[in-house]
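Given the coordinates of chain A, assemble chain B onto it according to the supplied hints.
Number of protein chains: 2
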Amino acid sequence: MYRTRTCGELRLADINQTVTLAGWVQRIRKMGGMTFIDLRDRYGITQLAFTQGTTAFDQANNLGREYVLQVTGKVIERQSKNPQLPTGEIEIEVESLNVLNPALTPPFTIENDTDGGDDIRMRYRYLDLRRECVRKNLELRHKMAFEVRRYLDEQGFLEVETPVLVNSTPEGARDFVVPSRMNPGTFYALPQSPQTLKQLLMVSGFDRYFQIAKCFRDEDLRADRQPEFTQIDCEMSFVEQEDILNMFEGMTRHLFKTILNIDLPQLPRMTWADAMKYYGSDKPDTRFEMTFVELHDLFHKAEEQKPENERFSVFANAAYIGGICAKGQAVYTRKQLDALTDFVRRPQVGAKGMVYARVEQDGTVKSSVDKFYTQEVLQQMAQTMKAEKGDLILILSGDDAMKTRKQLSELRLEMARQMGLRDPKKFSCLWVVDFPMYEWSDEEQRLMAMHHPFTSPKPEDIPLLDTDPASVRANAYDMVINGVEVGGGSIRIHDALLQEKIFEVLGFTPEQAQTKFGFLMNAFKYGAPPHGGLAYGLDRVVSLFAGLDSIRDCIAFPKNNQGKDVMLGAPSVIDQIQLDELQISVRQENK
Amino acid sequence: MYRTRTCGELRLADINQTVTLAGWVQRIRKMGGMTFIDLRDRYGITQLAFTQGTTAFDQANNLGREYVLQVTGKVIERQSKNPQLPTGEIEIEVESLNVLNPALTPPFTIENDTDGGDDIRMRYRYLDLRRECVRKNLELRHKMAFEVRRYLDEQGFLEVETPVLVNSTPEGARDFVVPSRMNPGTFYALPQSPQTLKQLLMVSGFDRYFQIAKCFRDEDLRADRQPEFTQIDCEMSFVEQEDILNMFEGMTRHLFKTILNIDLPQLPRMTWADAMKYYGSDKPDTRFEMTFVELHDLFHKAEEQKPENERFSVFANAAYIGGICAKGQAVYTRKQLDALTDFVRRPQVGAKGMVYARVEQDGTVKSSVDKFYTQEVLQQMAQTMKAEKGDLILILSGDDAMKTRKQLSELRLEMARQMGLRDPKKFSCLWVVDFPMYEWSDEEQRLMAMHHPFTSPKPEDIPLLDTDPASVRANAYDMVINGVEVGGGSIRIHDALLQEKIFEVLGFTPEQAQTKFGFLMNAFKYGAPPHGGLAYGLDRVVSLFAGLDSIRDCIAFPKNNQGKDVMLGAPSVIDQIQLDELQISVRQENK
Numbered sequence: 007m008y009r010t011r012t013c014g015e016l017r018l019a020d021i022n023q024t025v026t027l028a029g030w031v032q033r034i035r036k037m038g039g040m041t042f043i044d045l046r047d048r049y050g051i052t053q054l055a056f057t058q059g060t061t062a063f064d065q066a067n068n069l070g071r072e073y074v075l076q077v078t079g080k081v082i083e084r085q086s087k088n089p090q091l092p093t094g095e096i097e098i099e100v101e102s103l104n105v106l107n108p109a110l111t112p113p114f115t116i117e118n119d120t121d122g123g124d125d126i127r128m129r130y131r132y133l134d135l136r137r138e139c140v141r142k143n144l145e146l147r148h149k150m151a152f153e154v155r156r157y158l159d160e161q162g163f164l165e166v167e168t169p170v171l172v173n174s175t176p177e178g179a180r181d182f183v184v185p186s187r188m189n190p191g192t193f194y195a196l197p198q199s200p201q202t203l204k205q206l207l208m209v210s211g212f213d214r215y216f217q218i219a220k221c222f223r224d225e226d227l228r229a230d231r232q233p234e235f236t237q238i239d240c241e242m243s244f245v246e247q248e249d250i251l252n253m254f255e256g257m258t259r260h261l262f263k264t265i266l267n268i269d270l271p272q273l274p275r276m277t278w279a280d281a282m283k284y285y286g287s288d289k290p291d292t293r294f295e296m297t298f299v300e301l302h303d304l305f306h307k308a309e310e311q312k313p314e315n316e317r318f319s320v321f322a323n324a325a326y327i328g329g330i331c332a333k334g335q336a337v338y339t340r341k342q343l344d345a346l347t348d349f350v351r352r353p354q355v356g357a358k359g360m361v362y363a364r365v366e367q368d369g370t371v372k373s374s375v376d377k378f379y380t381q382e383v384l385q386q387m388a389q390t391m392k393a394e395k396g397d398l399i400l401i402l403s404g405d406d407a408m409k410t411r412k413q414l415s416e417l418r419l420e421m422a423r424q425m426g427l428r429d430p431k432k433f434s435c436l437w438v439v440d441f442p443m444y445e446w447s448d449e450e451q452r453l454m455a456m457h458h459p460f461t462s463p464k465p466e467d468i469p470l471l472d473t474d475p476a477s478v479r480a481n482a483y484d485m486v487i488n489g490v491e492v493g494g495g496s497i498r499i500h501d502a503l504l505q506e507k508i509f510e511v512l513g514f515t516p517e518q519a520q521t522k523f524g525f526l527m528n529a530f531k532y533g534a535p536p537h538g539g540l541a542y543g544l545d546r547v548v549s550l551f552a553g554l555d556s557i558r559d560c561i562a563f564p565k566n567n568q569g570k571d572v573m574l575g576a577p578s579v580i581d582q583i584q585l586d587e588l589q590i591s592v593r594q595e596n597k
Numbered sequence: 007m008y009r010t011r012t013c014g015e016l017r018l019a020d021i022n023q024t025v026t027l028a029g030w031v032q033r034i035r036k037m038g039g040m041t042f043i044d045l046r047d048r049y050g051i052t053q054l055a056f057t058q059g060t061t062a063f064d065q066a067n068n069l070g071r072e073y074v075l076q077v078t079g080k081v082i083e084r085q086s087k088n089p090q091l092p093t094g095e096i097e098i099e100v101e102s103l104n105v106l107n108p109a110l111t112p113p114f115t116i117e118n119d120t121d122g123g124d125d126i127r128m129r130y131r132y133l134d135l136r137r138e139c140v141r142k143n144l145e146l147r148h149k150m151a152f153e154v155r156r157y158l159d160e161q162g163f164l165e166v167e168t169p170v171l172v173n174s175t176p177e178g179a180r181d182f183v184v185p186s187r188m189n190p191g192t193f194y195a196l197p198q199s200p201q202t203l204k205q206l207l208m209v210s211g212f213d214r215y216f217q218i219a220k221c222f223r224d225e226d227l228r229a230d231r232q233p234e235f236t237q238i239d240c241e242m243s244f245v246e247q248e249d250i251l252n253m254f255e256g257m258t259r260h261l262f263k264t265i266l267n268i269d270l271p272q273l274p275r276m277t278w279a280d281a282m283k284y285y286g287s288d289k290p291d292t293r294f295e296m297t298f299v300e301l302h303d304l305f306h307k308a309e310e311q312k313p314e315n316e317r318f319s320v321f322a323n324a325a326y327i328g329g330i331c332a333k334g335q336a337v338y339t340r341k342q343l344d345a346l347t348d349f350v351r352r353p354q355v356g357a358k359g360m361v362y363a364r365v366e367q368d369g370t371v372k373s374s375v376d377k378f379y380t381q382e383v384l385q386q387m388a389q390t391m392k393a394e395k396g397d398l399i400l401i402l403s404g405d406d407a408m409k410t411r412k413q414l415s416e417l418r419l420e421m422a423r424q425m426g427l428r429d430p431k432k433f434s435c436l437w438v439v440d441f442p443m444y445e446w447s448d449e450e451q452r453l454m455a456m457h458h459p460f461t462s463p464k465p466e467d468i469p470l471l472d473t474d475p476a477s478v479r480a481n482a483y484d485m486v487i488n489g490v491e492v493g494g495g496s497i498r499i500h501d502a503l504l505q506e507k508i509f510e511v512l513g514f515t516p517e518q519a520q521t522k523f524g525f526l527m528n529a530f531k532y533g534a535p536p537h538g539g540l541a542y543g544l545d546r547v548v549s550l551f552a553g554l555d556s557i558r559d560c561i562a563f564p565k566n567n568q569g570k571d572v573m574l575g576a577p578s579v580i581d582q583i584q585l586d587e588l589q590i591s592v593r594q595e596n597k
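These protein sequences, in sequence, are chains A and B.
Taking our numbering as reference, the numbering of the first sequence is continuous, increasing by one, and the terminal residue is 597.
Taking our numbering as reference, the numbering of the second sequence is continuous, increasing by one, and the terminal residue is 597.
So that you can see chain A by itself, here it is in the shape it has in the complex (with noise of 0.2 angstroms):
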């Protein structure tokens, strides 16, 4: 070993302790008849003292960021302690120093508050990595990882690796494909996820399956996806929506427990029709109130009132009227609010226009609507909004219910974040549950499974998938923190008639069904037991842990926004050899 202590350790207990640390040097201080050393490992920073006369002074003098050394001395007190420092209080007396490897300057600085970009720092990502609130994000990293299973293991649940070189779905996202040398003109597909593996280990007698798995999934990459990422993907037999709920919020409990020490209360649950009535949103950010009061009877009875003339067709036409009272924002600018129309006007936003209206000190309500409304609706929209004095009022309104509450959503996220309301260190977990089984695909023009085709119909819906489908409700459940959704997931279906009716009314033909989805439905003949699962995206949980706006931040060795790891250079060209093997060409227009 090339050290009896580490970095992080030392303290005025250990003084008079002669000890060997190895390290590198984070800084370098001369000050006269003395030279100063911020010698740095993953455990923290020492102070090493080196006196002007030594052998050690001289080469320290000779030292540059980032070499690695090791050194032996005595530990002393500190003259000028360091309270920020856990080793602050002491220094080392070094007596011996051995560069073990010296290093050019590197890019850029090895502090958390770096001069690197974004660029240089993902092809040095080697580099990146030394600064402590990377690495932290790792370490946290293996602890969530860590009591994951410590916490499964505990349940009882089994963590089976399911292969990564499987067959291509017919159903999702893209897949990534591994072209196969021994069967020429075949592909493997890398997994979306173990979803088909895990429910035939239900039907194995498993009981109760996890895996923290590497998935993936070859879409246009936005800002929180990676082409390659992480589940901590969970299933269990006998079990009924209840069971799951109960035991993975058991696991959401002790991860806050032991990795925050915070105690989480129960969990809400939530509707889905109310998130989307009340937030807009499938994964509503309760960290604040701010909900939805629609206000369309309101308006439509005062339009009613009025002479045809004199309505404000933006609302009379309007099949959806919705409004967030912002508490004490009365104050906002006609500037801030004009900022605030253009936010909800971006086309990532999509209204045509916002309403706002204050509530003055004197309890009057000002709006932009003054010209259309009397006070006395006003007062009475301020009163439905439960409005005090000093508050702001933001109202949407438009011609489709779910699409304007979807934009009332960002305003009202927006709003927060103005207001300072989404903050990272406090956290709000629900059960967003009651999803639909399907959603009308515009493009496709039919209906999709809004998780997937094997997610149960709530048992009282059942009758509905012959009439009315689009209003039948999933045994499907989410677990969203923070407006973020962290996990999601559903009771099977485990009978294979029922498997059958689904497919039938996504549009397949049996034939089709069979084809795609053969292998399962036919486990399904052999004894499927009742069984359900969800999913967590590892790398969501941990990065909103971190307080990380981006995934790739609690990612080791990222990719960037073009699928490709600079550091590495993959993806790249590969021999004409291996192409040959493979029985493959790439076409002309690429070589």
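Keep in mind the hints are simulated off the structure, nothing from the lab.
One or more hints might be untrue.
Identical chains share a label here; the pair holds if one copy fits it or two copies do between them.
With a cut-off of at most 30 angstroms between alpha-carbon atoms, the simulated BS3-like pairs for lysine-lysine come out as follows [to be verified]: (1) Lys149 x Lys220; (2) Lys409 x Lys341; (3) Lys431 x Lys333; (4) Lys412 x Lys395; (5) Lys531 x Lys36; (6) Lys531 x Lys142; (7) Lys522 x Lys220; (8) Lys80 x Lys431.
For chain B alone, kept in the frame of chain A given last:
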């Protein structure tokens, strides 16, 4: 929850309780007025009793094997107890029965001793996994992985996930590749191991890293190879070989204790040179002795004392003559000895013949080469071999010492198998150390890295790099259990200049070395710590602990020798639209 208890937990103490169980029908026995069903779940088997005249009785008589049931009833004491079964003292007097799912008759029996062949079991792997003997292996695998993580976490290791979509590596086995849609004409590769990434994590200061990682090799499959396999991959900084051996000897001891309740003695260390000399193998099976005795000098001295025309040319011209002594096996018949001769002559072994000698009860030595040697020479030989009355001596010779030793190793293992010395319940672990840096490749006509090109030579052997590279020893080590290499690793080079030198000996030009390993060598210039590590094959360790012949039985969904998953039907043809998006073509002959 569909049950209040599991099928494995009820005992006499639970009598008179009303319980609900769920599980699969293992067996139905109709005994006139009574019908008994063995109900099975992951936790065990419980006997259900149905009495004539009840509704449940009529239902029970219409069930088949593998039906999924939910039953409620009272726990009662069994009249004829079954001491083989943990639940054998009780049974359930069933009050109500609910068929959760019917089942087709499975294509093979769900018993440890099944009637199903390999092929059908793999096609219906989800049914095969219902067999207790298969499920137990996966339970062991879960426990093994969990205990590995527990030990390493306690030792301060961080589990870091490295990417699965990486770059093709130029050395080693063949890579699986993944065409990139976003970057047409380029490919990711699946990692053969996280070797370079874990070394980069050491450059990053992660200090102690591990990962239970999926690795991939596109090689022609032999019995004990899978295209995807799992490694326990570890790396440490600021360590010497001794530190790594101690750390992972500790892990191995932890696994033996927690999983098998075996207190492992301290692991012996054997140099690679001794392993080859005494066992003819770098992974000696040390559960038994039967070590090699070199007889070259003895026989050559005897030959020299004879006239030329009386010489035994096979020995006289051999570069190597070595024997093993099979204790008490002088009883071997001529027929058995001929079979052994046939064994060593098989092309897989490749010896030309075998010489044998028995030490008779009167002390004389009778051999297959009696006409060439005096009894005195044979007595000396027996003495050298430490052979006693009743022992059998088997001797191989050849031109090439290394090749002959490997043949003798095969003979030793076969003989031990016949003698019942290879008991899967007995464990013998050791470290093999001081591997050579290089081995000569007849195929490539150059020295190749025996471990990999990042392995550090022993400091005292560095001068030999210029004069006699083939004799340079590496700081490399393998852990061997029962003749299986379960893990191996090395101290790595952390000095960029030494690394360049090693590449030079391997025959790379500086430009080639830069192209192939540039990013790692570049990283080393920014302050690489001394580091080293190792990797265990999880599949192999689990199969050893489980006493299995093949790693396949400890993998949930293994592939066959053609790299196929016959249950999933992977690999398979993919849609033209996928090929078009990837801008690759399958060559005509494979369409």
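Now for the hints, and whether the structure bears them out:
no., hint, verdict
1, Lys149 x Lys220, "both (18 angstroms within a copy, 20 angstroms between copies)"
2, Lys409 x Lys341, "within (26 angstroms within a copy, 87 angstroms between copies)"
3, Lys431 x Lys333, "within (21 angstroms within a copy, 72 angstroms between copies)"
4, Lys412 x Lys395, "within (28 angstroms within a copy, 92 angstroms between copies)"
5, Lys531 x Lys36, "between (78 angstroms within a copy, 25 angstroms between copies)"
6, Lys531 x Lys142, "between (49 angstroms within a copy, 24 angstroms between copies)"
7, Lys522 x Lys220, "both (23 angstroms within a copy, 27 angstroms between copies)"
8, Lys80 x Lys431, "neither (41 angstroms within a copy, 52 angstroms between copies)"
Hint 8 from the list above is the single one not met by this structure.
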